[in-house]
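Put the complex together from the two separate chains, hints included.
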Amino acid sequence: MFNSPKTPSRHRSRSETKTPLTPSLTAAMNGVSLASSPVKRSRAKSSSKSSTTTPFNATNPFIAPASSRSRPTSPVKRTSGGIPVSDSFRSQAGGGVIRKGGVESRLDVVTNDYVPPPKAEIKRSKSTPAVNRAGLDQRDRFITQRETTDIAAVSTTLEQLSLNPQAASPGHTARLAAATGVPLNRRILGYHEQPPSASSSDTTLAQQREFARPLYAQRPGAIATSTGATTNKTRKIPTQPERVLDAPGMVDDFYLNLLSWSCQNAVAVALEASTYIWKADTGAVVQLGEAPEGSYVSSVDFSNDGAFLGVGNGNGEVELWDVESGQKLRTMSGHQGQIATLSWHEHILSSGCGDGSIWHHDVRMPRHKVMELLGHTGEVCGLKWRSDGELLASGGNDNVVNIWDGRLGDVGEGARGSAKWTKRNHTAAVKAVAWCPWQLSLLASGGGTNDATINVWNSTTGARLHTLRTPSQITSIQWSPHRKELLTTHGYPTNSIMLHAYPSMERVAEIRDAHDSRVLFSCLSPAGDVVCTGAGDENLKFWRVWDVPTETSGKKKKAASVDDVGGGRLNSTKEGILSIR
Amino acid sequence: MASKQANRQAITLKGSTTLVTEFFKYAVNTILFQREVYPSDDFHMVKKYGQTVLVTQDLALENYLNRILKQVQKWLLTGSVTQLVLAIISKDGRIPLERWVFDIKLVEPPADSSEPQVPKPEAEIQSEIRAILKQIISMVTYLPVIHEPTVFNILAYTSDSADVPAGEWVDTDPLAIEASKSQQVKMRSFSTDVHRIEAMVAYRYEE
Numbered sequence: 001m002f003n004s005p006k007t008p009s010r011h012r013s014r015s016e017t018k019t020p021l022t023p024s025l026t027a028a029m030n031g032v033s034l035a036s037s038p039v040k041r042s043r044a045k046s047s048s049k050s051s052t053t054t055p056f057n058a059t060n061p062f063i064a065p066a067s068s069r070s071r072p073t074s075p076v077k078r079t080s081g082g083i084p085v086s087d088s089f090r091s092q093a094g095g096g097v098i099r100k101g102g103v104e105s106r107l108d109v110v111t112n113d114y115v116p117p118p119k120a121e122i123k124r125s126k127s128t129p130a131v132n133r134a135g136l137d138q139r140d141r142f143i144t145q146r147e148t149t150d151i152a153a154v155s156t157t158l159e160q161l162s163l164n165p166q167a168a169s170p171g172h173t174a175r176l177a178a179a180t181g182v183p184l185n186r187r188i189l190g191y192h193e194q195p196p197s198a199s200s201s202d203t204t205l206a207q208q209r210e211f212a213r214p215l216y217a218q219r220p221g222a223i224a225t226s227t228g229a230t231t232n233k234t235r236k237i238p239t240q241p242e243r244v245l246d247a248p249g250m251v252d253d254f255y256l257n258l259l260s261w262s263c264q265n266a267v268a269v270a271l272e273a274s275t276y277i278w279k280a281d282t283g284a285v286v287q288l289g290e291a292p293e294g295s296y297v298s299s300v301d302f303s304n305d306g307a308f309l310g311v312g313n314g315n316g317e318v319e320l321w322d323v324e325s326g327q328k329l330r331t332m333s334g335h336q337g338q339i340a341t342l343s344w345h346e347h348i349l350s351s352g353c354g355d356g357s358i359w360h361h362d363v364r365m366p367r368h369k370v371m372e373l374l375g376h377t378g379e380v381c382g383l384k385w386r387s388d389g390e391l392l393a394s395g396g397n398d399n400v401v402n403i404w405d406g407r408l409g410d411v412g413e414g415a416r417g418s419a420k421w422t423k424r425n426h427t428a429a430v431k432a433v434a435w436c437p438w439q440l441s442l443l444a445s446g447g448g449t450n451d452a453t454i455n456v457w458n459s460t461t462g463a464r465l466h467t468l469r470t471p472s473q474i475t476s477i478q479w480s481p482h483r484k485e486l487l488t489t490h491g492y493p494t495n496s497i498m499l500h501a502y503p504s505m506e507r508v509a510e511i512r513d514a515h516d517s518r519v520l521f522s523c524l525s526p527a528g529d530v531v532c533t534g535a536g537d538e539n540l541k542f543w544r545v546w547d548v549p550t551e552t553s554g555k556k557k558k559a560a561s562v563d564d565v566g567g568g569r570l571n572s573t574k575e576g577i578l579s580i581r
Numbered sequence: 001m002a003s004k005q006a007n008r009q010a011i012t013l014k015g016s017t018t019l020v021t022e023f024f025k026y027a028v029n030t031i032l033f034q035r036e037v038y039p040s041d042d043f044h045m046v047k048k049y050g051q052t053v054l055v056t057q058d059l060a061l062e063n064y065l066n067r068i069l070k071q072v073q074k075w076l077l078t079g080s081v082t083q084l085v086l087a088i089i090s091k092d093g094r095i096p097l098e099r100w101v102f103d104i105k106l107v108e109p110p111a112d113s114s115e116p117q118v119p120k121p122e123a124e125i126q127s128e129i130r131a132i133l134k135q136i137i138s139m140v141t142y143l144p145v146i147h148e149p150t151v152f153n154i155l156a157y158t159s160d161s162a163d164v165p166a167g168e169w170v171d172t173d174p175l176a177i178e179a180s181k182s183q184q185v186k187m188r189s190f191s192t193d194v195h196r197i198e199a200m201v202a203y204r205y206e207e
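Keeping their order, the protein sequence lines are chains U and E.
Once you know that position 377 of the first sequence is 377 in the UniProt record's numbering, the rest is easy, because the numbers rise by one and skip nothing.
Once you know that position 92 of the second sequence is 92 in the UniProt record's numbering, the rest is easy, because the numbers rise by one and skip nothing.
Only chain E is shown next, with the shape it has when bound in the complex (with noise of 0.2 Å):
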């Protein structure tokens, strides 16, 4: 009884993994739609949890994109990625303009496992994630708007202990916000029996 929990145990976390993964996937392509990060009609419309998303159709940024997803999907099922950040920074100046902060927490397991965990239903996952997505989308009307070109850059926090493949990943600047010129808003979050996903973004706001 004992074994087959564990093994239950087991596959949640891979299914949350890849529920998280494909979360990200979809909020990054949202994002980059969102705030012109790639002209609009890179994009195609997707139906998924339940709404229409835009994902990419440049097939350079899709490879990127899952490049990188892979490894965090790596990292999550280790539970060694802390938080990921989508930066969104001016092209030509390198100036961090906005900040997509997505706080990755481990659920802790009750202490005592005499009391069975009702799994979370996928339909609750799944409103929250849409959830999450509206309010991206709907943040585009009072986010500053941006003139300039940008480019994206996302940043994983990671443990120390994590792994990383050597010449892929590399330590890089946290591309933060000065705090006195930037504004933070909190964002829904959403929880799988194993992961809690924060969701934030911060600003430039300059008067």
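With the rest of the complex left out, here is chain U (with noise of 0.2 Å):
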């Protein structure tokens, strides 16, 4: 009666809810409070509250019969008080009364409106003729209440069958209120908005987030061997390195190349300022020359026959040194940026240049600088040259990979190459590219930290072969001159060693955590077996991936003069662990 008029579907849905002990219990309550709703159709309420004998509703049948649909006689009005009754407020204005004084002054608002059911029944029967309504009502008269009224009313009735002897007692209400939890009076409440999403706001803040993710990431699935390796059950690889230098002052940036592994079976490492040839056969260590004060060395590279290094420093020279006698046989100058990675072929030495440019200095000529590539507008990391010297491939910091026509011809100083390729699929720089040995057309690049996919191309067609996505960035690919295998090294957050078959791109081995930190720089041994690998952890660790085949080790043996240390193999004499400088 209330709010009757308002709210006719509210009631009927509060009167279907039926069981008291459930959340529910507040509609349930409310449905109870207001259980005189179903009856305002037939206005039978007013009698029915007459019988009650509360100051509240002892006004009602007077002036109930009279004026039900006017809000201010009715005696629910005045006890909600000042609260304006709008649709918003309906619920509110309907459980107001009951709410003013808490539970208690509810539960007896309760006790009064409910007559005990039978009674109910038959006032309401009683009561239809009173009030004076059309054709439904009369019909009432003849027949029983419950069949006239709809399904809701009949449900209301029902409830108040089952919940008034409950009802009847407040303390039982009250100790069912505390049991379950539930308020009587309390509405729940939420934001018409739902909270924004992390950082819409912001797109930068998000863009750096984008950026930042990988270094995140958690590290995929763990391995479940304990050296942290999976290997193939068919092939033995071993999971521990075969032997470690000590690199003293290794420096750990990504876009450098430190590393090189010569013909004659000598690895040159940059530590900072410093290059040291590490003799494989001795295991002898020699410093061959430190950069010019106040720069260090970025990038070194041995020519195809091992006699001569290349050596590009931060200032932008490209420094020539004669491995054996340990001279510096020139500086070739011009470069604005660092060096940062080196490539020969024959007498062809090639530059990337922080700048982005890609420079080829022919080391017999005078004037050096015989062709310029530009086609990079980040910095140039990864630099290679096919082995028959008819492609040259780059990737930059502008995650670009390109191939370059190597033929040079007669050129000079201003000559300006195109790239026969531009590949852009990469999504962060591209240090890592490597020609296959044994398929001369295929080319695999890596990107880097948001990228962290190997892309093999075919440099005849541009054709991108082969996709494969990695945990982790990569930093160098190195193909197996026996296998058809390739090997990557990772960075964080795995900073693995991984072998992959090729075509299938299938893992068939993984080193977990092969340093400390991301493994940065790889170079091949001279006979395909051994892979030396250098970290920011300023180790060196000699990794025997693969086997020589037999029938070459006679090449192998050609390659190197001793047996033992033949084409790579390092000399076994030496102890575990030595210290580059």
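Any given hint might turn out to be false.
With the Cβ distance kept under 8 Å, some of the chain E side facing chain U (calculated, not the full set) [unchecked claim]:
id, residue
1, Asp41
2, Ile68
3, Val118
4, Pro119
5, Val151
6, Asn153
7, Tyr157
8, Asp160
9, Gly167
10, Glu168
11, Val170
12, Asp171
Treat the hints as calculated values from the structure; they're not laboratory data.
By construction, the Cβ of each residue, glycine as well, lies at the ideal position given by its N, Cα and C atoms.
Below you can see the structure in the form of structure tokens.
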């Protein structure tokens, strides 16, 4: 009756909830307290109320029939006090009466409003004629109330039947409410807006987060073995390095290329400003030279015959050293940025510069710069000549892989080369580029942190043949000369060395945490069996990943005169840990 | 004298409301950070209550919380809010995973106003608040790890007579966790001269 004209549907829905013990208890309670609502239709309520003797209700019998629809006269209205009744507040208004004094008073109202079920029924049927209603009411007179009232009304009645004994005891309801923890007089409100999604407001922040996301990456599923490595069942791949060399001061910089292994079985490694050569045959270490004051060595590369070492400096100079004598032969300057990478083909030493340019230096000529290749907008950090000198592959910090025509022809200082293919599929800096030794058209490239993808290209057609996503940044790629496999080294979070089959790209082996920090550099022994890796943890580690097939062992012996050390096999007489300097 | 007393009381209510609202701000921020509802680099460290508290610097979230807390403060002043709930819901399934419940109770002033009330020292209140915030942080150790992305929702339990800004606050689902699958941990409480805040967390726990 309180608000019946406004919210019949509400009462109906409430009255349908019959289980007082569920969270819908509140609803049920409301239904109870407002149980008169169905009755309102038949106006029987007034009479039923009249039977109860509360002061509030007492007024009803007189007022209700006459002005049942006028709100102000309703006793309920008065009790609801100053709360304006509006549609949005209807529930408030409905409950407000009761809530005023909290649970107790509400319970009072409940008891007052309710009439024991049988009584209520009788009253209803009796009172039906009292309300001057149309056809419906008249039918009611002769047929039992239950049949004529709609389902909602019936259910309310039923509810009353079941609830009233309980409601009769306020203490019980209070205990019930306390036990279920359902408050009797509460609204649960939520803010109309949903909370903003993470970093929806700040796009630059979101962008930065996207960049940094790989750094927060969880390590992919842990490897079960205690050595943190998966290896092939049919093949033994050592998960421990064969040798560890101490390399103090090795610069932990992704863009540099500080490791090279010559065909004369010498490993060149740059440690800050100094370049060292470690002879794998004898284990002897020679310091080759120092970078100019205030600069540092940013790249090293052995010439194809292993007699010369190209050294790139942070100040843009490219130096040429004679390995045998340990003398610097010449300094080729002209670059404005750091030389992050070098690659030899015969007498041409190509240098990739921080400003994105690639220069071909003819080391025999006084005017050494014979060609300039402009195709990168970011630092060139990966550079590799194909073994036949036909093509040159470069990767840059602009995420681009370029393949250049290596034929120089009659060129001079002002000559410009153009890229044969430009590949923009990587989404991070491309440092790892490697030509396949047994199928010359294949080029593998690997992207940095945000990309972590290996792409294999056909340099003849320009097609991308294979793509493999890896768990972390790719710092270098080595193809096996004897097997259809390629090896990749990785940075955070796995710091692993991975071995992939080609062309299936299946993982053959993975050595997790090969170094304590990201594995930055790698180079392959001339025999093609041992891979040397360098990392920011200042260690060089030698991994015997592949075997040299027996039929090629003769060739291997030719390559290096000492049998035991042949072709990059390390001298086992030396102790396991050596220091480069 | 009586009017002066009443005046002082009014100020205390206002001050207490500010204090409680502020506590909610930091508590909500702490929970959002600790439960990783928002990425941790959205938060920056702020000295508060004599300890470091992580507060979001995501403007949208900050404004959102401020709008909510402003209304909560109004409700606190009229005494019409009885409970605040921060529900953490799985983003995809919309399943409530955790409910951080703060019961707000009005401290009944002693019936006889003859004996002067000794106001609770601010330092004591602060140390109680600090204890709750620390407890929220320590909760992380035994709350189940949430693997899925989550969102949060703040619910206010108000009395029916509460003044509700139309359109801004709407009646909602209580986002309750099924009783059979939920565990509850009662946390510390703090009180000002006017309000008493009791904290509790309920979380979904399935074997």
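Worksheet item: Which of the listed hints are broken here?
Response: Checked against the structure, the hints that fail are numbers 3, 4, while the rest are satisfied.
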